[in-house]
Amino acid sequence: MNILITNGRLIDQAGERLASVRISDGIIIEIGDQLAPDADNSGAEHLIDAAGLVISPGFVDLHVHLREPGREEAETIETGSRGAALGGFTAVVAMPNTDPTQDSVGVVEFVRQQGKRAGLCDVYPSGSITMGRKGEQLTPFAELANAGVRLFTDDGNGVQDPQLMRRAYEYASDLGVTMAQHCEVESLTAGAVMHEGSCCSHLGLPGWPSLAEELMVHRDIELVRLTGASAHFLHLSTAGSVGLVRAAKADGLPVTAEATPHHISLTDELLASYSALYKVNPPLRTIEDVMAVREGLRDGTIDAIATDHAPHVSETKEMPLDQAPPGMLGLETAFGVALAHLDMPLADVVAAMSWKPAAIAGIADRHGRPIALGEPANLVVIDPGEAWEVVPAALASKSRNTPFIGVPLTGRVKHTILHGDITVRDGKAQK
Amino acid sequence: MSRSLLSITELGETGLRRMLDTSDHMAEVNRRPNPKVPALRGKTVCNVFFEDSTRTRLSFETAAKRLSADTMNFSVSQSSLNKGESLRDTVETIAAMGVDAFVIRHGSSGAPWQIGEWTSISVINAGDGWHAHPTQALLDMYTVRTALNRPISVDGGSFDGLRVAMVGDIKHSRVARSTTEAFKLLGANVTWVSPKTLLPPVHDESVVANLDEVIEDVDVLYLLRMQNERMSEALVPHLREYTARFGLTPERAARIGRHVLVMHPGPMNRGVEMAVDPGELPGSVINQQVTNGINVRMAVLFELLGSGSENSLTGNTES
Amino acid sequence: MNTPSDVGKQVLGPDDVRRAITRMAHEIIERNRGTADLALVGIQTGGVWVVEALAAEMLRIEAAENCGANPIVVGSVDASLYRDDIGMRPVSPGSVSDLTFTVEGVTVVLVDDVLYTGRTVRAAIDAIGDYGRPKAVQLAAIVDRGHRELPIRPDFVGKNLPTSAEESVSVTPNGVTITQGTDT
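Residue numbers (the numbering used here), protein chains in the order written: chain B, 464 to 894; chain X, 17 to 335; chain S, -10 to 173.
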């Protein structure tokens, strides 16, 4: 496919400039400020007018639950990939809490192949740290690394046993892979439904203390200090966690962190509705925590925005709060929510959604690349000013568990280009 | 829009006072030779109990029948819930049978609010999780008001100066939350008597950690039920120790004044929080609480189902 | 700003009301041959003051005629739990019923200030029945404004007052007033 994107505002690691971009066979072949449609080959070249729009490297989501294999009624890799493309993502890291778990080369390969087959987004499977995510026995890190896995996590759960986690960091440090921790000391969160604070006290809901997250963030920072391995902290939600990671980075430790769009936009007070749409793990916190997470993103303590896209069929969310599963959709609303709630230059928001997560995912050779000659054409064209609302029926996800329906958002993905093919055009998925 | 009773918070002070007034009418009905009125003929009240509570269900059922409403009972054991039917499906199924009010008891906080979102039928919260039990709070207020002969009504009156000690497991208690709120709305001073393990994580109530500190300075001693499973969660080391610090023992019973009202939401754990025979306490109003439960639940049903308008605070009807 | 309809039109003055009560008291005594086994029961809330006024007058008459009299048995009944329009409009109990005497075998004179559709009286008769079986129930009202919707007829009336359904009538010891607009 040949594509000409004209007169866009380019944002990448090199900075900002106005230019047109010509793409052929998946590669950027020409960049200039006065590119005209190819006269010899008119009609075969797809034209995208990007006047007033931003062209950036495609977004990378470090944290999605695509539910396949195992819970295809909530999402499949195809529907999740379509949602990703609509959200401007060209690459996603699939969390391992599938059934069966992504703890073997077979399952990991299956996920990757399903992603290829859908062809809407590059799907990079993560591997679990422990077999079956049971927290007992390490998975074959080297085998999985050879199969392309760069990020290991038991997400959905943290690895509870400090000794086992120490071994994981030690073993991983030789392999160039990253341990990504879901920080939750489970004995402090048994039965917990929402953030522990005045809201939970009043609502009579079991509380989820900030300490449960911060204790494990602290533990893993110290394990990184001890072992020299690198760690990535998933979905930070508390002011204390942000402070711990900030201090660890100041100490020069190889740690990175992400935050979700909902943890920078929603607070625990929303649980007063008793709607399970607001039940997430980690829970929505206080406004002070939200402000601290935003500040963490602003000052770079938190590297990336990651959605924790967690589809659930509506029946399971129509249960009492303590019985409903945690999680909300994220892929299709991430950019609009992030832009609305972050007091940051657009380029920094794009960085936190593109090349910074690409580096953490170990895929910086293909995604989050500069927009330059010879580079792979994984791009997104966005309108940072467009106001829009989520229409449930227009969601590509199989599930509908998002609280952002009817909420005015600003900033919308117009076109997504994956390997030189248009996957989303004018906000519509192309397959 | 249906009218519901979900919490004391939503009922508010005026609503609370009004319910007490209406309860007087129901108490008068219940004193008659034939304690039944035709007020809610043709209405159907469905008790939907996702958690067993024979006494609360019987109280609501009696209240509905004394108002001539038809009653249906739907009990859902926790095991059948796990068969995969969502709460919403269950509720919509019953609603489709044609009922006018749901009386909901649920082990999960907030379930009545969720149900209220899914149906236009009146919802009465008969206790949700740790959260709220508004009819218990109403019957407690009615009991205290009657026992102390305090003229509290929509026209005025208050519990100003009344010293209430609420003793025991506050954290897991919907009764503590609702009844404390109701007492405070009416002007009483409430002290929680509880170890920190049994308190909500964040609150702004005054707390003492030993019953002896307040036993001689209260007008109402409200004992909460202490559940055995709290021990296995390491919230209290041993029930014996709980009784020693927080139970109403014969020694403590001898120290309370004769005017002090002793209350308990039931069912009592004899020998734990109630280590004396409540029948021997001159100020025990525990049986009155049960009796008044029917009065206030009749009032709630009548206020919710017997009025055709949101604004039922307007005056008399002459025709 | 008050319009004439807000102020209302006074059709009976305080003296008229007093005279009506006196006449009704005589009629009740005459019909029942005294006040033994008789009870005046006011319908909450408008009938309560009328019962008090009637009872005081009857006591005065009996005392004057017989050189001493027994107290008049009085009570009140709240009919709101017996109404037939429950659920159709705002309804709330007025004041609590006060029937501390035994209804069984007694002639109950139901008393209200205004008799209109008869529905409240119907409800009150049902309410009385739940306290026992009276020997008879009679009905007294200071004003009968017509528009009956049930086969109910007063035994003792102070004043027949033709009105339209668009008017409302208020009765106090200070007089009877007709106001435009239905009360709800």
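Because the hints were derived from the structure by calculation, they are not lab data. Don't take each hint at face value.
Derived SDA-like pairs: lysine to any residue, alpha-carbon spacing no greater than 25 Å straight-line [to be verified]:
#, chain 1, residue 1, chain 2, residue 2
1, X, K52, S, I167
2, X, K212, B, P603
3, X, K212, B, Q600
4, X, K52, S, G164
5, X, K212, B, H882
6, S, K124, X, N46
7, X, K81, S, Q127
8, S, K124, X, K212
9, X, K212, B, D624
10, X, K52, S, V146
11, X, K81, S, R111
12, X, K212, B, G654
13, X, K200, B, C662
14, X, K212, B, G837
15, B, K597, B, P672
16, X, K212, B, H509
17, X, K81, S, K124
18, X, K81, S, R122
19, X, K52, S, D4
20, X, K52, S, M77
Which numbered hints fail: Structure breaks hints 1, 2, 3, 4, 5, 7, 8, 9, 10, 14, 16, 17 and 19.
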